[in-house]
Amino acid sequence: MKKIGTWQRLRRTPYQSGAAILIMTLTFFVTGIFFVLASFSSSILTYFESKPQVTAFFTDKKDINSIKNLEAQLKATGKVSHTKYISKEEALSIYKEQNKNDPLLLEMVTAEILPASLEVQASDPDYLGEINSILQNEPEVEEVIFQKEIVDSLLSWTSTIRKVGLIVVAILLFVSLSILVTIIGMKIALMKEEIEVLKLVGATGSYIRMPFIMEGIFYGLVGALISWSTLYILLLYITPSIGTFLKGITALSLFSYSGYNVTIWPVSILFMSLLLLVEIVLGMGIGIIGSLLAVKRYLKS
Amino acid sequence: MVRFNNVTKTFPNRKVALSSVDFTISDGEFVFLVGPSGAGKTTVLRLIFHELLPTSGSVFINDIEVNKLKDDQIPFLRRKIGYIFQDFKILHTRTAAENISVTLEILGQKKEVIDKKVKGILETVGLLDKANYFPSQLSLGELQRIAIGRAVIGNADIILADEPTGNLDPKTSWEILKLISNINKMGKTIIMASHNIDMVNSLKKRVIAIVDGKQVKSTKVYY
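Residue numbers (the working numbering), protein chains in the order written: chain A, 1 to 301; chain B, 1 to 223.
Heads up, none of these hints are tricks.
Subject to a maximum C-alpha distance of 30 Å in a straight line, what follows is the list of computed BS3-like cross-link-like pairs (lysine-lysine): (1) A:199 x B:111; (2) B:204 x B:214; (3) B:89 x A:199; (4) A:199 x B:117; (5) B:68 x A:296; (6) B:89 x A:192; (7) B:185 x B:117; (8) A:192 x B:130; (9) A:199 x B:68; (10) B:15 x A:199; (11) A:199 x B:130; (12) A:62 x A:84; (13) B:119 x A:199; (14) B:171 x B:89; (15) B:80 x A:192; (16) A:199 x B:178; (17) B:89 x A:296; (18) A:247 x A:84; (19) A:79 x A:148; (20) A:96 x A:84; (21) A:192 x B:110; (22) A:192 x B:70; (23) B:204 x B:185; (24) A:192 x B:117; (25) B:70 x A:296; (26) A:199 x B:110; (27) A:192 x B:119; (28) A:296 x B:80; (29) A:199 x B:185; (30) B:116 x A:199; (31) B:117 x B:80.
No wet-lab data here; the hints were simulated from the structure.
Sequences and hints are given; from them, build the entire structure.
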């Protein structure tokens, strides 16, 4: 004699169960995408913020002595932690390293057409503006790349992603919750006769409620697992494209804890485990809240 | 022991279902509740089962005042009472054996224990060979046997039977009555609502007669 458990209940109403799992999967998939995007943009922001750098590119007329004088002048301000002169030849080898997989680009470039440059790292991001002004006023400086602009732009993107993500995820979570409440409510209605008999033979409220709560948790868990797996496959698939986009950045760290460095680039097992944990907790949470709301609404004595 | 102490039940539509009913039923007794349809027999059973609350008076099972139980205590009261319904209240998505095992499942008993007890009860009610039949494959008499099996398997001390033969043909009715009588011989208290005079007379058990909600007879002499 088999006990009628959660699995049997799911099999009795496969379309409703399928709809619940589908909406959960969609919600957690979109949540996962925004989680990845937010983590990614946040890591890039941290990466640039941790490198308060201004790079000045010189014309061919600027000689090495003049650049050394400039270096000394900058260090004398006390606002520079590190400087690095990059000659035309070094610029070529950097270029070659960055484009080693694209022989066509390598063929067309020589050291002569690349400018020499000076990378200046500020001891504090607040000094970047002042260092930028010094470099801008220096003769024979062709261009100054000032990372504050990149950081500001990234900050704006990160903020937008977070806001849009929060709104979209909140809407989807609300829709999922509503659908879950409706589906479990329908199941309670379908099982009205059985619930009545269970009450008559002495079933406690928790005995009657528990299978519906387990069902809600099941939907949340399955939705979280399917969406996580899909997202993982998608991330692995687009990894080469991300690599091209992040040319020059070898690793992006989200955070470090107890000696474990959680890197988002390259996509690490630790990061994906964190995402799985977030989705499972969220899935179980939605499942429990949705089923409790349904039980409270439809199982009134 | 079941005791009604000056119990009156008035429904919201002001219909008086029971008026000042007093009786005591001892452990192991077999008592018939008799009276015409709508007399209040089912109301008596539902008051014992805490499906209804009295408007005034008290219902006791042993020393427990049933009408003062809190909501979370009701399931534990019902586990001490087996209820056989006129309309069986059988679960149509479960087999005969599964319908009977429901009572033990909610008690959290182990599968091996449930299997053993269900087999014993199926044998008692004569349905061992139909354990895996679904309700749609069984006759009304067989469905009532399942309901009886479900009522007794939890080892309830009191069995309430609300016109258990009301929907059955005479031959099956007598078989069901014999089955309930055998359960009484096992020491269980039986309170059975019926308006079948022949059946009531045949067993020579105590009768509580109710007419228009008023108790008109409570005697140890048969009807």
